[in-house]
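From first to last, the protein sequence lines are chains A and B.
Just so you know, the first sequence maps onto residues 1 to 216 in the working numbering.
Just so you know, the second sequence maps onto residues 1 to 216 in the working numbering.
Any given hint could be a false lead.
Put simply, identical chains are the same to the list, so a pair is met inside one copy or across any two.
[What the hints assert, rightly or not] SDA-like, lysine to any residue: derived pairs with alpha carbons at most 20 Å apart: (1) K31 with A61; (2) K57 with E94; (3) K57 with P92; (4) K57 with D114.
In short, the hints are calculated from the structure, not lab data.
What follows is the residue order along each chain.
Protein chains: 2
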Amino acid sequence: MKRETLALYLVTDRGLALGRDLETVVLQAVKGGVTLVQLREKDLDTREFIALGQRLKAALAGSGVPLLINDRVDVALAVDADGVHIGQSDMPYEIARRLLGPDKIIGLSVETMDEVVEANALDVDYVAVSPVFSTNTKTDTLAPFGYEGLRRARALSRHPLCGIGGMNAATAGQAVACGADGVAVVSAIVSAPDPYLASKNLKSIIDNELDKRRLG
Amino acid sequence: MKRETLALYLVTDRGLALGRDLETVVLQAVKGGVTLVQLREKDLDTREFIALGQRLKAALAGSGVPLLINDRVDVALAVDADGVHIGQSDMPYEIARRLLGPDKIIGLSVETMDEVVEANALDVDYVAVSPVFSTNTKTDTLAPFGYEGLRRARALSRHPLCGIGGMNAATAGQAVACGADGVAVVSAIVSAPDPYLASKNLKSIIDNELDKRRLG
């Protein structure tokens with residue numbers, strides 16, 4: 001996976017979509033500049049999860065934006081997604097890699113500096129530093145990294161890296177300035193009045209910082 | 001899978017094991033005559049589910065008793081279980097078969113007479129008629145089949161068939177007399193004061209009815 005694919009990473013949450021259809025929100029977000037999509041659904045049964053994954057995959061076809069599935073390798077295999085995102089309490093990385101093969105994307109959440117370092121021993125495609133700031137979206141997280149923690153994580157990690165947790169138009173630029181290759185957002189896009197405009201704005205902020213890094 | 005493998009089918013529920021270690025309960029049950037084990041855990045995260053599956057698989061090694069995983073094809077693949085048991089809201093059978101290959105066991109819950117008939121179009125290894133009687137173990141079920149429904153299901157199905165729901169020493173014999181190839185039990189073994197004796201007693205009741213059928 002190219003590092004640029006992490007730039008603006010949309011993580012779904014149907015419950016935050018203001019009653020809107022998830023495929024519609026995702027397509028507007030992709031039009032606005034989202035570079036990676038993760039389907040995260042903790043409350044769906046397996047059959048519904050697969051059906052939604054298939055619809056999202058069809059919606060993303062031809063966009064060049066990869067679709068990852070949160071946690072569930074069975075769902076990823078069932079819909080032939082581009083990969084999975086796993087947390088520390090999900091399937092161990094080595095098993096996920098064996099089941100998915102060498103070509104699928106596997107991202108890993110890291111919630112402590114120790115986990116950032118441990119991930120260097122794994123051939124993951126990226127790490128998501130979680131959370132940069134605490135949020136209401138995900139409540140089972142450890143102490144937030146903050147910008148300074150994100151900067152340290154960047155220095156310690158050999159992997160492409162994004163920040164997640166409290167990432168929005170007010171924080172995304174600073175997160176990238178701390179060395180992140182991108183930011184993962186949930187409500188900043190999913191709950192935005194206009195997911196297209198929200199994504200476009202975020203993408204512009206992120207690209208601006210990435211440009212500075214390239215030039216500076 | 002041989003039809004005899006369905007005779008006494010143990011479905012786990014850690015919450016009902018009276019605080020005892022699940023591996024210990026399962027091993028006692030196997031010693032008592034259990035012929036098939038399904039690990040059903042709805043509240044574990046994926047990593048814990050896999051770890052428990054690996055422990056159970058190691059415990060069952062050499063026993064000849066297959067280990068199935070409820071719903072989660074990823075967990076089944078991760079631990080190289082002998083198969084899965086899927087319900088009507090789990091992964092569709094055709095996808096599960098594709099992911100698991102032709103040699104793994106796939107069992108399917110059927111909750112209505114229509115589903116019994118629909119399952120005849122699928123190459124499943126067995127169907128579990130659910131529930132024969134309503135229970136506290138599983139509350140998301142439809143109207144119970146009762147003995148008469150079990151008998152009709154047997155007549156309609158081309159598959160090996162077991163009953164589940166309210167199966168215990170008082171009901172197992174009659175269920176087999178209705179044509180079931182076996183019964184699946186949860187609390188009758190998992191919550192028994194002595195899982196070995198409870199299994200031995202159930203197995204004897206079931207074998208007695210199966211013998212009658214063979215001879216009669």
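message = So, against the hints stated earlier in the document, which numbers end up violated here?
response = Structure breaks hint 4 only.
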